[in-house]
Amino acid sequence: MTVHHLTSRNFKEKSTAALEDAVLQGNLLKLKDNFLARRTKAKESLPEFDDLRDAAVVIKKHTIAHLDLYLEAFEASVNASGGHVHWARDDTEARAIVLNICKQENAKTVTKGKTMVGEEIAINPFLEAHGMTPIETDLGEYIIQLAKEPPSHIIAPAIHKNRQQVADLFNEHHPHLEPRDADDVDGMLADARIVLREQFLKADVGITGANFLIAETGQTVIVTNEGNGDLTQLLPRVHIALAGIEKVVPTLEDTMTIMRVLARSATGQEMSSYTTFSAGGRRKGDLDGPEAFHVVLLDNGRSKLLGSPTEDILRCIRCGCCLNACPVYGKIGGHAYGSTYSGPVGAVLTPSLAGLSEAHHLPNASSLCGRCEEVCPMRIPIPKMLRHFREEEVASGMAPASARRGIALWAWFASRPGLYRTMTSLTTGVLSLFGRKRGRFSSLPMAGAWTATRDLASPQGKSFQSQWARRSKS
Amino acid sequence: MSEARDAIFTRVRGGIPRSDDAAARRAVAERLAGHTRGLQPQRIAIDQEALVDLFAENAQAVDATVSFINSAGDLPDAIADYLRSRNMPAQAAIAPHPDLDGIDWSASTMEVHRRAPKADDRIGINRCFAAVAETGTLVMASGPDSPATMNFLPETHIAVVAASEIIGSYEDMWDRLRSANRGSGEALPRTVNMITGTSRTGDIEQTLQTGVHGPKALHIVVVKEG
Chain D
0 MTVHHLTSRN FKEKSTAALE DAVLQGNLLK LKDNFLARRT KAKESLPEFD DLRDAAVVIK
60 KHTIAHLDLY LEAFEASVNA SGGHVHWARD DTEARAIVLN ICKQENAKTV TKGKTMVGEE
120 IAINPFLEAH GMTPIETDLG EYIIQLAKEP PSHIIAPAIH KNRQQVADLF NEHHPHLEPR
180 DADDVDGMLA DARIVLREQF LKADVGITGA NFLIAETGQT VIVTNEGNGD LTQLLPRVHI
240 ALAGIEKVVP TLEDTMTIMR VLARSATGQE MSSYTTFSAG GRRKGDLDGP EAFHVVLLDN
300 GRSKLLGSPT EDILRCIRCG CCLNACPVYG KIGGHAYGST YSGPVGAVLT PSLAGLSEAH
360 HLPNASSLCG RCEEVCPMRI PIPKMLRHFR EEEVASGMAP ASARRGIALW AWFASRPGLY
420 RTMTSLTTGV LSLFGRKRGR FSSLPMAGAW TATRDLASPQ GKSFQSQWAR RSKS
Chain Y
0 MSEARDAIFT RVRGGIPRSD DAAARRAVAE RLAGHTRGLQ PQRIAIDQEA LVDLFAENAQ
60 AVDATVSFIN SAGDLPDAIA DYLRSRNMPA QAAIAPHPDL DGIDWSASTM EVHRRAPKAD
120 DRIGINRCFA AVAETGTLVM ASGPDSPATM NFLPETHIAV VAASEIIGSY EDMWDRLRSA
180 NRGSGEALPR TVNMITGTSR TGDIEQTLQT GVHGPKALHI VVVKEG
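Order-wise, the sequence lines are chains D and Y. Per numbering that gives the first Met the number 0, residue 0 is the first one in the first sequence, and the count goes up by one each step. Per numbering that gives the first Met the number 0, residue 0 is the first one in the second sequence, and the count goes up by one each step.
Just chain Y, same shape as in the assembly (with noise of 0.2 Å):
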């Protein structure tokens, strides 16, 4: 151990009156494996139907864009409708995700790319772990079939998300995380990114701007079914 860590430990330990170390050691270790949840806004505490509509509400709000299919299988045609009313190519890089690999792509007019975005790549699709209602926000959860690049390199960010993966709270999210045990191994993903709306900045004389080094859109488009 340095002693620049020493150092610091003494000094911080100086500082903190402190009676009963053993209690004290007891009710870290407790906090620590606890996980209580802290006040959770009343916003949330409507049924699964209207946290969708939450969801959608808020998202849009930050300037996402939002789509509702029936089936997965409807993927390729929602995003090449989509891509096509902005004008853009029907190109994508796709996270190599079970999810989206058992899709039909070939059907549709999309081209897609199952890998990691590359800089030129403009469009990148993705799978969410979840979407938490309460803020309009997208978790993505790092991995081999979700890399986290996808969601800010290409400009535009297409995120798949199942109508029963949109939840309340952030507190919700992390329990669903902790038992999902996605990391291999891990507690946790290496990487979890909560995105809630487009790239933005007020650098500029305090005016809101979209679009800075992350996506300049994001189109959400939540299945209903699966």
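The shape of chain D in the complex, shown without the other chains (with noise of 0.2 Å):
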């Protein structure tokens, strides 16, 4: 994976703004009571829920441990259906096929549905850099193509606007059409749709992802809510899908399985509005559909994946569920983690696809509360993956010199029980004395990095050891 666009070398600072950003804070508060309330509700309604967790974790484990399979029969069932199947290696071949199927059929305007692989590969300024025109079409995708930002959220890329930005963006956009009050979502709305059909109706590609590849029958699947991805896919004359190698799944009931877990952990949703499975191009007698059908499918790291300590993070069907139960995604928003991929998921993308120096940041940003893993309808070990980071991150002498000095100071101290008790009781005695009136500490010296954004809590009576000691003898 080539790392151009990553910025998450600067998590500090840009997490340190994000705290900063009101906007962002006040976008970020409502993620618990929509997405997140909105799953819990969808779990409620479904007494199978967690079983089909495990199903679907059961399918992912099969077919990762067949890839090389499923990836071969998966090609031949596209190849017996009509459509492409090309491999790319990295982002370089990926854009490098995309854009040479844009030049065969001389593309100027080039639609898009939702994709994640087309972010992590930059296609955009690159179909730009040689004369064509890429549209998003997805409303959040649409927006932040217009403020010239990545996605902030795998499901929901614009979250970190307000409305007023919105009306903003669209003023300054849309001159032709009547400018709208922040308050006039339903305006927003209508003009996106006048904007956008327009360029449905004139695109020469369509570019989508895909959630889902099927290796019984060739077909590609998305998963979509407004429509775009299917208007994306259905007028252009060729459709091109994007997906990473680890999106196959064996057959259409397996498909299904995840299916239930999907949209309820995603949006809370029983299911999105539209699923669509599409296989080849246009058949004979067809009213409408693509005339050619191309699947570009991206390694960019993947595989390196398999067999490692972070091989489970390929179950992982980007619903977005971690980000949104994630006390530090909530706090700090998707830009701060400067990657494709944010929150816990992308803690552990990205450092896996990219290198740990790339973002070594990243896995130490999180509380390992195991939010994320309680939620994750694959049931990704995520917190286990930070911890691993971490561990490379301390082995590798890229953790900074303070940490470690700090660290290699405690073990010196822990490999010397009756030292480690004296200090520790000592300790605990002269912070409870003076902390014990208010029973927490607005600032420490030595531990000004804690006390600048929040108390540390005084101790409360002896050491746990002290304790131990004393309730083992009675």
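Incorrect hints may have been included.
Said to hold, decoys possible - Per the computed footprint, the stretches of chain Y lying under chain D, defined by three or more beta-carbons under 8 Å from a beta-carbon of chain D, are:
#	stretch
1	44-56
2	113-121
3	189-200
4	205-211
FYI, nobody ran anything at the bench for these hints, they're computed from the structure. Since we're looking at a predicted model, the values are computed, not measured. Glycine residues also receive a C-beta, built at the ideal position from the N, C-alpha and C atoms.
From the two separate chains plus the hints, produce the assembled complex.
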């Protein structure tokens, strides 16, 4: 994976700025009441939900253990239904494949359904540099394309924008339409419909992502709510589906099991509005549909996760649920992560695909509270993977010098039990003596990084070890 | 075969521990041919009449409207009534489906154009392949008699389904579709659209809005007989 658009190294500066961004903070506060609350409701109204999660995990584990064979089967099925499969080792190859297809079509306008792989390979600036006009048609993606920003959430890319900012963008970019107030959300929607309908009708090529690739049938599947993905893949002469190699599943039956947990986890819907299965190009007698159908399969570092400590992240179905549940994402939003994939899944995927040295802050941006794993429909042990990266960070000397010195000092004491006991009871005694009155410290020497943004609770009573020793005796 | 393809397969195989290649291939071939179902939700373990009710209830919960008619001959009047109640013109593009062709539209106020929809058609009428009670989901199978654009271009989508075509689960639907062999020689149609409610978005401040790019209204007519 090349890293030209990764800015994860600047995580500290960007997350600090995010905390001070009042608009972002206001928008992020709504996550809990919307996506997450609806997910809980959907889970409660389907008694089999957790059993379906277990079944989905089994399906994906089986598929990943036979990934080569299912990819072969998928390719054969696509060929049999008249489609074309292209293989890309990295983003450079994927961009070249897409460009080549667009050039053969003499494409000018390229509509796009929502695709995270499209973001991963940065296809838009590349097509623009070659004289084509890529148009994002998902409303959220369209908003951030106007703002020239990357998505900040896997399924809600413009979640960082409020209605005033959207109105400002629309008023700037739609000079031929009547100006919209921030409260006129219906009007903005109507404008997007008018502007993008025109693009759908004139597009030469349509690019979408794929939620699933079905080995049995050679179908690509998109799961959407707006209907833009379908207009993107039905109206132009050519449909290109972009997908990571881990998106393959064996059969339609397997797909439906995973589908039962996908929308419920993502938006709390039982099913998204539109789930579409496509195979090959237009057939004899068909009145619509693309003439040609291409699938671009991207590796970009995924294959090296097989057999690695983060292999299980290949199960991810990109529902975005871990972002909604994460207290850190909920405070800093997606852009601070500086990578295509943000939140807990991004904190694992980014160092996995791009290398830890590019993104070693991300696995540290977690309290390891475990909520991501708790809600993940595919039960991916994200906290375990974050700990793995932290260990690797220390082992390879990437951790900051102060942290390494601190841990070394602690290790020196911890391997000398007598001294350790004396020092901890001394420290506990002193802290509890000074902090007893208020119960917490708002500033403390040598702990400034902690107390700058929150208080440190003062110890209450004796240390754990001395309490343990005392209770064992009695 | 391309160099990239070979390199990807080499890397993938290198990452998967496997002692018996033939056994793995057999397991995959069996899985692909087996169509083994996963867990089916209890909510669909009910009789046909109850499935029809469950379908209607679930579809209405996602902003679709549902009406019932006794026979296909009642369709023109039922659609005309619906459109009148919405102050919409009695003009529609209609899928060239044999079931819809067999209806006498001239006896009603409806003016129907038998073709794929055009950009300025406000209303589209299409024939469903089936409907899934589990989540109130319509299933449209593309083909010469059912253009997929009918489900997305017009701002009002009217879908016609027979009560006997309302089934419990998605898996029931795939079995029916596989045996219907609608794809003229292919196992499945080119496009299968599963539609659950109207077009919607939460992209502006997570506020739910309906009717973005696809239909603003979805009206389902269930034909009780035939």
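(message) Could you work out which of the previously given hints the structure breaks and list their numbers from low to high?
(response) Violated hint: only 1; rest satisfied.
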